[in-house]
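Keeping their order, the protein sequence lines are chains R and S.
FYI, the numbering for the first sequence is 1 to 339, going by the UniProt record's numbering.
FYI, the numbering for the second sequence is 1 to 310, going by the UniProt record's numbering.
Derived by calculation from the structure, the hints in this document are not laboratory data.
Heads up, a few of these hints could be off.
Think about it this way: if two alpha-carbon atoms lie no more than 20 Å apart in a straight line, the pair counts; the simulated PhoX-like pairs of lysine-lysine are [claimed, not checked]:
| no. | chain 1 | residue 1 | chain 2 | residue 2 |
| --- | --- | --- | --- | --- |
| 1 | S | K28 | S | K3 |
| 2 | R | K299 | S | K28 |
| 3 | S | K157 | R | K299 |
| 4 | R | K28 | R | K7 |
| 5 | S | K3 | S | K69 |
| 6 | R | K248 | R | K227 |
Over 10 Å on every C-beta distance to chain R, these chain S residues come out as not near it, computed from the model [stated by the list, open to error]:
| no. | residue |
| --- | --- |
| 7 | I141 |
| 8 | I174 |
| 9 | G212 |
Going by beta-carbon spacing under 7 Å, a handful of chain R positions derived as facing chain S [said to hold, decoys possible]:
| no. | residue |
| --- | --- |
| 10 | V149 |
| 11 | G182 |
| 12 | S316 |
| 13 | M319 |
For each residue, glycine too, the CB sits at the ideal point set by N, CA and C.
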Amino acid sequence: MTNEYRKLPPEAFKHVHMDGSHSEKISKPSLNFWQDAWLRIRKNKAAVVSIFVLLFIILMSFIGPMISPHDFETQEITHANLPPKVPGLEKLGIFDGTGNMGGQKVNLYEMKNVDTYYWFGTDGLGRDMFSRVWKGTQISLLIALVAAVIDMVIGVAYGGISAFYGGRVDDAMQRIVEILYGIPTLIVVILMILVMDPGIVAIIIAISITGWIGMSRIVRGQVLKFKNQEFVLAARTLGASNGRIIKKHLLPNVMAVIIINTMFTIPSAIFFEAFLSFIGLGLQSPDASLGTLINDGYKLIQFQPHILAIPAAIISLLMIAFNLIGDGLRDALDPKMKD
Amino acid sequence: MAKYILKRVLYMILTLFLIATFTFFLMKMLPGSPIASSPKLTHEQLAAVEAKYGLDKPLPVQYGIYMKKMVQLDFGVSYQFKGANVTELIINRAGPSFLLGIQALILGTIGGIILGMIAALRQNTVWDYGSTLIAIFGISIPSFVFASLLQYWIGVKGGFLPVGLWENGWQSSILPTIALAMGPLATSARFIRTEMIEVLGTDYITLAKAKGASGLEIAFKHAFRNALIPLITVMGPLAAGLVTGSLVVEQIFAIPGIGEQFVKAINSSDYSLIMGTTMFFSVLLILVIFIVDILYGIVDPRIRLTGGNK
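Chain R with its partners taken away, still in its complex shape (with noise of 0.2 Å):
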């Protein structure tokens, strides 16, 4: 190998020239900031997979209910406790109304003159599961949609107030977020939910109430290490308002730090409000979400183990698909974060 190149023939080389006019001559087109990310992003499988998982199951939550011939909250009391059965994989012995009665297998369709299909099985009011488990999708997307927003408009507003003008607003500013950080969010979410109604608006307002502060805190350290840096400086010399300021100079800084965090905060919030609704302070019925379907069945784990494994696989999914496209957002967009 290391030898090779004396074989090459004379006439292989020629003389190249330098030419100072070509020295300066970008070859590749320049790409920006989030071109770049967006390569980088499309090399990282788990992300790429991840982003098609989510679409997929966003998807799903809304035609999910529209193409079940059920509705999600009627209770059929005979057709309770189904096991799954699906047109065309039943043949295949899978998902073909098979279920245990008394320790033995039995077609529980064919036992109890069931000639309908239910897709993933009903829960134990006979209601269809499939429309249950996409409806109690959507709420916790609704959730992740909110908690994102806040955090995005209160959690950067408020860090970049407090940084951006310094001085006795961001000392006054910062002394709430102090206290406000020392209390654990699960008391406060609790606390709010007792006063109010359990449901979805006491939960925007419980996660409303502390999920802001992490992003707040960021973003301030972020606008911090920015705003004395010389082109913001530059950029004041020649005459930009505060407004063009935050606009064009810091806000592209600090957008990729948000859009990070943004993703880790829409697991957790999703998390949040299934962890309620598992212990009795979320969603009342007949409404459903992942975590009151979840704690549905995990009392029946033992005789209808669909009604758990269904919701619980999807939630996991659902955690998963964001938990890996944070990370893959994390390592694209910040190089220096990189592991």
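Based on these hints, arrange chain S on the given structure of chain R.
Then chain S, alone, in the frame of chain R:
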């Protein structure tokens, strides 16, 4: 340092005071009361009961009494368990919860450190992907899902370990501990991996390599120690996560701990027990964060505790 500790202690007291005030007024705003819903009481009996619990006095007076009692660690009497002192109820339940919490913390951090180190030392191999996968699962799968699966597959189907309750001594604590430990395990594994990789890229590791130190020596003597220090910072959030987790895990495994009692108190509107447990959790978590901050300054003197923004 002394000035910093004093400042932090003052903040802690202020935070606790605010939580106590907040809790008190929230509880007063709550609709209904455990006494009013009792239909058999006559008007006089109702008044007598209210007088007994001090509910007939004006709000500021009630607040004053509440605060004074709280300082003396007296959280009043539970409505749910007749005449039982809230402080005693919490203390009686503390044993199983603390055992589970500490076991889970130890298992989780040690397991996480091992996983994280394997991943960092064998970067981009099957070992790395395997431990990263475990960490992602641990972070993503909610504790109550994991706990119910564990209970079903190992307790019910497998039958090796008790399904629940606290009657078989230490054996009963194994499954709930594993369920609780998943969170700390995943967090510390990810954390240690990132830190180790960063430390392994520093100049002093290159120097150690150049001087001929063996791979194991570098990993344990040089890299590991420095990677470990920042792990202290995640201890605060980990403790908060354990408290959250204990509420559901204790419920699922029917363990007579504080968390299970708290959920019951919430579902039966036992206000004094809720207030007592809330304060207990708050003190616990605030103390953990405080100790972690102080410890961090001692272990790593480079950290400026006074945390200026200059």
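So, going through the hints one by one against the coordinates:
no.: 1; hint: S/K28 to S/K3; in the structure: 38 Å, violated
no.: 2; hint: R/K299 to S/K28; in the structure: 34 Å, violated
no.: 3; hint: S/K157 to R/K299; in the structure: 16 Å, holds
no.: 4; hint: R/K28 to R/K7; in the structure: 34 Å, violated
no.: 5; hint: S/K3 to S/K69; in the structure: 30 Å, violated
no.: 6; hint: R/K248 to R/K227; in the structure: 12 Å, holds
no.: 7; hint: I141; in the structure: 5 Å, violated
no.: 8; hint: I174; in the structure: 19 Å, holds
no.: 9; hint: G212; in the structure: 27 Å, holds
no.: 10; hint: V149; in the structure: 22 Å, violated
no.: 11; hint: G182; in the structure: 4 Å, holds
no.: 12; hint: S316; in the structure: 5 Å, holds
no.: 13; hint: M319; in the structure: 4 Å, holds
Violated hints, in rising order: 1, 2, 4, 5, 7, 10; the structure is consistent with all others.
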